[in-house]
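Both chains come to you apart, so use the hints to assemble them.
Chains as they are written, first to last, in the working numbering: chain U, 1 to 224; chain C, 1 to 87.
Hints listed in this document are in silico derivations from the structure and should not be mistaken for laboratory results. Hints should not be assumed to be uniformly reliable.
Distance ranges between label pairs, derived from CB positions [claimed, not checked]:
#, chain 1, residue 1, chain 2, residue 2, range
1, U, Gly-15, C, Thr-52, 18 to 26 Å
2, U, Leu-196, C, Gly-34, 18 to 26 Å
3, U, Leu-145, C, Thr-52, 24 to 32 Å
4, U, Val-24, C, Phe-56, 30 to 38 Å
5, U, Thr-59, C, Asp-46, 34 to 42 Å
6, U, Ala-37, C, Ile-12, 45 to 53 Å
7, U, Asp-48, C, Thr-52, 29 to 37 Å
8, C, Ala-48, U, Gly-7, 39 to 47 Å
9, C, Glu-47, U, Ala-37, 31 to 39 Å
10, C, Gly-25, U, Leu-11, 36 to 44 Å
11, C, Ala-48, U, Pro-18, 47 to 55 Å
Positions of the beta carbon are idealized from the N, C-alpha and C atoms, including for glycine.
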Amino acid sequence: MSPDLFGDPVLVWLGPFPLTRTMVTSAAISAILIVVAALLARAILRRDDSRMAALGRLTFRFLRDLVRDAAGEEWPALEAFAGSLFLFIAAAAVVGQLPGVPAPTSNLAATSALAVLVFLAVPLAGIRARGVGGYFKHYLKPNPLLLPLHIISELSRTVALSLRLFGNMMSGHLVVALIVALAGFFVPVPLMALDLLIGLLQAYIFTILASVYVGAAIRVGEES
Amino acid sequence: MTAQSILALGSILTAGFTMAVGAVGAALGESRIGAAGMDALARQPDEAGAITRNQFVALAMVESTAIFCLVISLVLLFANPYVSGGG
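Extracted from the complex, chain C is given alone in its bound form (with noise of 0.2 Å):
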């Protein structure tokens, strides 16, 4: 094997690992905030868009960690630096 290729394979390997650690937190947080969300429209349904709206800003300040993630494992893939077949 030579140095391009390990570090092909490296770079995949990582990209792998880096979406799938990546997805368990932001599936781990989510989770928590749409079972407080349903808590909280179940005893409060008169605020169901105060609810739903602060709902979604979590929820999506939660999933930018799994984007970021997304975005790095990217970069391995396809616009690798160090490896001279991709990007």
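The shape of chain U in the complex, shown without the other chains (with noise of 0.2 Å):
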């Protein structure tokens, strides 16, 4: 048995360019996301006191609270980009459950692009906040000779990001797949609601990492 747990199947080339099975889960679940959240707005707008309105209210509430606990700032920006990471890394864990379509944050080429994208708010945030030498400038603290540690610390924080969901959620996919493959139906259903639970762990895990990061870069050279 050779499961191919680091590929990724493509369904259709398009020209040159592959069409892969991790790209179409993630476009369904970012185009799922979009049109919830429209709607939800839109019963905010109009309807006020309706139910739609009250979960789109709770689950800004929510995310908002998560990040800027996190974060221990006011940032409208970060909210926006760690909720939506939030609300991604969760529905994937959700559509993950459903029978053949595996989680795309189970690739680890997907995991990676969630990192860089971490990886690259911190230093726009913290440009934004502190200006390019305020915030280039804490490479060089508390001597320049730590810079390369500097450097290490972001790319390994990185590479722990990806690593660190695509492996919950790609073992959490493998062991239901060997329970299947032991002991039939139903047995799994109990690693399936751990894997669930493990799944939207990690999304909180994501989201509070990417806010504490980007929060620490916004508050460079506040403390001296």
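This is how it looks when you write it as structure tokens:
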């Protein structure tokens, strides 16, 4: 038995560009999320006391408090960014429970793309908050000798972010697949519930870590 | 035994060993986090939200070392670049 854990099956070739399963599922999740968010926003604007509006408010408040507590700062762009990350990863974990549809986050390329987004958001937020000089000066503190360590820490936490999400999501599916092969129907149901819990927890943790990293970049130089 | 089968045997043994050693470290660390979290919850029940949140984040950070070991052992088993049968 040699399951294809690290590859990504190509569905269609669009000329020279492959259209893989991960691309299709992640695009579909994004489209569903955008439609649902638009419906919730319309409900809030039109009928303020409806259940849809309450759901939209609750979701927004949950994400805003989550990001604000982790980043320690009011920063609407960060709330939108980290909240979108949470919604995408959580929706991917839920979609991954459907039969035959693996979560896009159980692909290393997809999780690496999410981690690279966080990696790029850190200096962007820092430069927007502190200016180019103010942000990049912190790489030379407390001593210019520590510059390589700063760079290594940024790179290694990006790799850790992507590998943590990938490993958790992929291992859950692997365990469920093994139990299905060994025991058959209904036995893997508790493990699927555990997989769903782990997926939602990983979305929470990814969001908190992204908020902490960006929040630290925003607050660069405040302590000195 | 051919060179390929020796490589495969080594990969399988190393995958099991990686997972065993990696799981021990993460288990010890997570047990300490759990104990410290319970202790903090018993002392300050009012701060339950913040304690639980930070505890989950710390658990995920420690857990990720075991996940790295899992990824490495899965690479050894299913995507090994040196064994012609795998990957």
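Which numbered conditions among the earlier hints are violated in the structure presented, ordered from lowest to highest?
-> Of the numbered hints, 1, 3 and 5 do not hold.
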